[in-house]
Amino acid sequence: MQSKPIVEGIEAVMKFCNDFRSPETIKEYSKACEAILTFYKEHQQASCEADINNQIRYELQLPSKEKQSLKYSGDRYTFRILGMLDDYYANQPFKATYPAVSRYKHRLEPFYQNLAEEFRSSLAVKKNTVAMLYSIARDFFYHLQQLSVTDLATINQEILYDFLMMEYKDHQGC
Numbered sequence: 306m307q308s309k310p311i312v313e314g315i316e317a318v319m320k321f322c323n324d325f326r327s328p329e330t331i332k333e334y335s336k337a338c339e340a341i342l343t344f345y346k347e348h349q350q351a352s353c354e355a356d357i358n359n360q361i362r363y364e365l366q367l368p369s370k371e372k373q374s375l376k377y378s379g380d381r382y383t384f385r386i387l388g389m390l391d392d393y394y395a396n397q398p399f400k401a402t403y404p405a406v407s408r409y410k411h412r413l414e415p416f417y418q419n420l421a422e423e424f425r426s427s428l429a430v431k432k433n434t435v436a437m438l439y440s441i442a443r444d445f446f447y448h449l450q451q452l453s454v455t456d457l458a459t460i461n462q463e464i465l466y467d468f469l470m471m472e473y474k475d476h477q478g479c
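With my numbering, letter number 160 in the sequence shown gets 465, and the count goes up by one each step, no holes.
One should not assume that every hint holds.
Under the rule of at most 27 Å between Cα atoms (straight-line distance), these lysine-lysine pairs were calculated in the DSS-like manner [claimed, not checked]:
1. K431 with K400
2. K431 with K410
3. K400 with K432
4. K320 with K400
5. K309 with K432
6. K410 with K320
7. K320 with K309
8. K336 with K346
Keep in mind the hints are simulated off the structure, nothing from the lab. Computed from a predicted model, the values in this text were never measured in an experiment.
Work out the full structure: start from the sequences and follow the hints.
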């Protein structure tokens, strides 16, 4: 994803929208694309970067008062475009639908989000298993975030036990 221009991806997204979306929806997608491009310009970045996309996703999940860099409030369109950009730069075809919000129950700070992404990229399992394991890992990193644990070497049995009990209580119906 690193070396391709963000403008190229945005143009592909807008071409797709022009072909398959209503004029009213196209306007919303266009505003969201402009907000993403502005965010990239503010960070002096011309190529699409996973870190910047994750930063945008993180900011979209903040309460409205805390949002600073994104001037457009059409969060659902911005989330969808980020998903489309992920697919475009991974050489995947666009899907008919994309999630309008984050599908995860907890918002991770960038440090913990990066740890979760590292975990996901290190998985050597079948593709259909990754989402389930990644979801559990995100919960674990959220637990670490709540405890302000930044050094993974300090994770002890008590922290693991607390996490497992929390997961057990959250998923009793499973």
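The hints, checked one at a time:
1. Among the hinted pairs, K431 with K400 is consistent with the structure: their alpha-carbon atoms are about 21 Å apart, no more than 27 Å.
2. With a C-alpha separation of about 24 Å, the suggested pairing of K431 with K410 holds against the 27 Å cut-off.
3. Restraint check for K400 and K432: satisfied, since their Cα atoms lie roughly 17 Å apart, inside the 27 Å limit.
4. Our distance criterion of 27 Å between C-alpha atoms is met by K320 and K400, whose separation comes to about 14 Å.
5. Distance check on the hinted pair: K309 and K432 sit about 25 Å apart at the alpha-carbon level, within 27 Å; holds.
6. A hinted pair counts as satisfied when its Cα atoms are at most 27 Å apart, and K410 with K320 does not qualify at roughly 32 Å.
7. Taken as a hint, the K320 and K309 pair is honoured in the structure, with Cα atoms around 17 Å apart against an allowance of 27 Å.
8. A threshold of 27 Å between alpha carbons decides the hint, and for K336 with K346 the separation of about 15 Å falls inside it, so the pair holds.
Checked against the numbered hints given earlier, this structure breaks only hint 6.
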